[in-house]
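Kindly generate the complete structure, drawing on both the sequences and the hints.
Number of protein chains: 2
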Amino acid sequence: MQGRQIKQCGLFSLTLLATFLHCSCLPHSTGGKPFPETAEEIASYTKVAKSIIDLAVYGNAQNRSYERLADFTDTIGNRVSGSKNLDLAIKYMFSALRKDGLENVHLEPVKIPHWVRGEESAMMLQPRNHTMAILGLGSSVATPQGGRPMGNSMAYPWPNPNDAGPIVRCPMGLPITAVWATLIRSITPFSINSPHTGWQDYQEGVQKIPTACITVEDAMMMARMAKRGQRIVVRLTMNAQTFPDADSFNTVAEIIGSEHPEQVVLLSGHLDSWDVGQGAMDDGGGALISWEALSLLKDLGLRPRRTLRTVLWSAEEQGGVGAQQYFQLHKVNISNFNLVMESDLGTFSPLGLQFTGSAQARAVMAEVMKLLKPINTTTLEEHGEGIDIEMWMDAGVPGASLHVADSRYFWFHHTNGDTMSVQSPIEMNLCSALWAVVAYVVADLEEMLPR
Amino acid sequence: MQGRQIKQCGLFSLTLLATFLHCSCLPHSTGGKPFPETAEEIASYTKVAKSIIDLAVYGNAQNRSYERLADFTDTIGNRVSGSKNLDLAIKYMFSALRKDGLENVHLEPVKIPHWVRGEESAMMLQPRNHTMAILGLGSSVATPQGGRPMGNSMAYPWPNPNDAGPIVRCPMGLPITAVWATLIRSITPFSINSPHTGWQDYQEGVQKIPTACITVEDAMMMARMAKRGQRIVVRLTMNAQTFPDADSFNTVAEIIGSEHPEQVVLLSGHLDSWDVGQGAMDDGGGALISWEALSLLKDLGLRPRRTLRTVLWSAEEQGGVGAQQYFQLHKVNISNFNLVMESDLGTFSPLGLQFTGSAQARAVMAEVMKLLKPINTTTLEEHGEGIDIEMWMDAGVPGASLHVADSRYFWFHHTNGDTMSVQSPIEMNLCSALWAVVAYVVADLEEMLPR
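The listed protein sequences derive, respectively, from chains A and B.
Heads up: the first sequence at position 230 corresponds to 230 in full-length UniProt numbering, and the numbers run straight through without jumps.
Heads up: the second sequence at position 429 corresponds to 429 in full-length UniProt numbering, and the numbers run straight through without jumps.
Each hint should be verified, as a subset may be incorrect.
Copies of the same chain look alike in the list, so a pair counts if it fits in one copy or across any two.
Computed cross-link-like contacts, EDC-like style, restricted to lysine to aspartate or glutamate with a CA-CA straight-line distance of at most 16 Å [what the hints assert, rightly or not]: (1) Lys331 to Glu259; (2) Lys227 to Asp71; (3) Lys84 to Asp245; (4) Lys111 to Asp247; (5) Lys227 to Glu67; (6) Lys208 to Asp406.
Hints listed in this document are in silico derivations from the structure and should not be mistaken for laboratory results.
Here's what the structure looks like:
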């Protein structure tokens, strides 16, 4: 994921409020059909849901999504927007989806940012020599040739860095012309000298200065030094470069619907990652279960009434770039989008589904989630989340995101620690099962989800 | 700490057995004096123990050991054997102990290893390019000029690396002449791409080859690649150098005993660290609470019958080098060593004391630990631990080590993550209180601990 946005907190509250307002008037209808009939219809999927779960968790497909993810990330490594690795990843996945026998496998062209980190380093020179682990932020400009020493005469403490959430804004009122660069404490509750990267944007009209994240440990040490009245000088060297936008693709595969092929349940994760670690958690896992869900249904010969479409986004980390272009291209058919799903918060032990939609749609989804009782993931939470699907949700399409036990997510997010070692085959089996059951049943119901 | 030694597992079992054998015949005497009288004598320290605890945990000394440790490690940084930083650390501490008003502050010369890491890197070339995070092991030789590519045709899997414990031995029967270097999976249950270092020794008569630790993540990935039948090639470059032994010092400070100044309770931690992170946990914390204990007693005007001697060892990480020389110099007075204490397993939330000694001595220590009821750390465990005091314990001197909630110890041990960020002032207050109460009471009892 790109990094939670502060404005989403507001959205969350509004969604919650809207739901409370509906609590006292539980829906008796889900569009054209009386609700009890829909509930009965959904309950009739109990056996097929069980067969999907059995295949994913105990059957021949056991550990397949994990093994596929391991092969993918071990072979390609990380794959940042604009990189040769991302091209390789898209080719790998295009070929793998076709080989898997999925339908309508194709690539949809998009233009994506092309920023290259280059060599970077930060050396503390005062009060003592100390090599700092850093990661420049995406879109950052380089430092002037040879690096530039920064003193804390320019330092401006950010109030309550722990409370700021994963978006950092430059404090207001700071005379930006006096600042040569910004060093930001990595936004994580835990670190083993592990700096985080991420995307940043320059406000229009201000001078562009280099920006990098330092470790929690170094930030805490510098805070102690500053408190002691010590002068801190750091030599920062960054050779980042921004190139013209690059050509890339969103990667698509389908199981075409038997009755309403034009109507779509969209499953997704993003194929790009940051340029550190393996991008296994963010978002290899989400991409792979979105593939795996289709594989499971294909293996069972299940073709729903509507089309199941897996889309593996390009350049999510730069602000959902690939997904935005997909939306612009396909929004003309918005009435055919039944449900948009994204997994981008990790594929750890699944807890349930986060959902954004009308109270009527929520009531349907709550019935669907009951089908997941065999793996104890029946919870339907508020607020479907994901930068790649939020424009659909904003436009009124029901949206769902996978909710997992993510307490360690930000330990690894955008670091060199985002590797296959944080993934578990058992957890991925469960995520795949949940993803496949929800997608299949919603795509196969007689009626589309009410808006 | 240097790394737990496998042979200590055996020692532990024997100690445990010896204790069980004594369980059915609880001591009625602690040397010359009937045991009930000793217990009563110890109970009379309840009030003084409380005053020590109050000062450390709630009083003027609150957070002092933490603040001192932060100033020390932020100022000096890490301080590996033979380095200029270790010299600076010893000077810093000598000056600080004198300034604190402790007695007989002096340095005792020792000779210590001088190994310098130099630049090092590992680049995977096949099956794909990947920069690996590594840390060479202490005493390792360098690679030939320009680095050397290693293929996994030479790789030899170590069975159950998780079970091996922190000492790794080269598997028997491996034709060492065919091996150019060894890459070892870092021995930790958790990693964020964080390699560990440590000391290694070459067996006599074998060719010396370079040795480095790789991350858990890379080791797991290489295992997956090998399982897939992929050829792995890594270019390893290490420029480590070993220089002649360097001059250094054990650092000593005392509160001289009022009745038996020649009799000693020794408190210790080691001042050296590895050449990564800040060496705050290993073993800045242990060194600092061994200083703090004396400060607390001095502040309260408490001078025990016997001498309290804090020794901050040099070159523990290379095999207890400074402590071995101390033992050789002072063992002539072994009968005057009442109790030897070492804190080298972290200064996290204290649980109690680990103790090695006769059943009679254990009975006394169990009474002493009851004085720590106000901070709920009354547990007396088996097996006093610590490479710097083990020769005293082997020779029959009672030994004690601080037992803390150390479940995360090996996450940070010998990594760049061993910084002040893993320390807590509250936990260090409690450790200091425990350390001071035990040392003071044992040093002040009418009789020495029975052997």
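Evaluated hints:
| no. | hint | verdict |
| --- | --- | --- |
| 1 | Lys331 to Glu259 | neither (22 Å within a copy, 90 Å between copies) |
| 2 | Lys227 to Asp71 | between (49 Å within a copy, 11 Å between copies) |
| 3 | Lys84 to Asp245 | within (13 Å within a copy, 49 Å between copies) |
| 4 | Lys111 to Asp247 | within (5 Å within a copy, 63 Å between copies) |
| 5 | Lys227 to Glu67 | between (50 Å within a copy, 12 Å between copies) |
| 6 | Lys208 to Asp406 | neither (35 Å within a copy, 45 Å between copies) |
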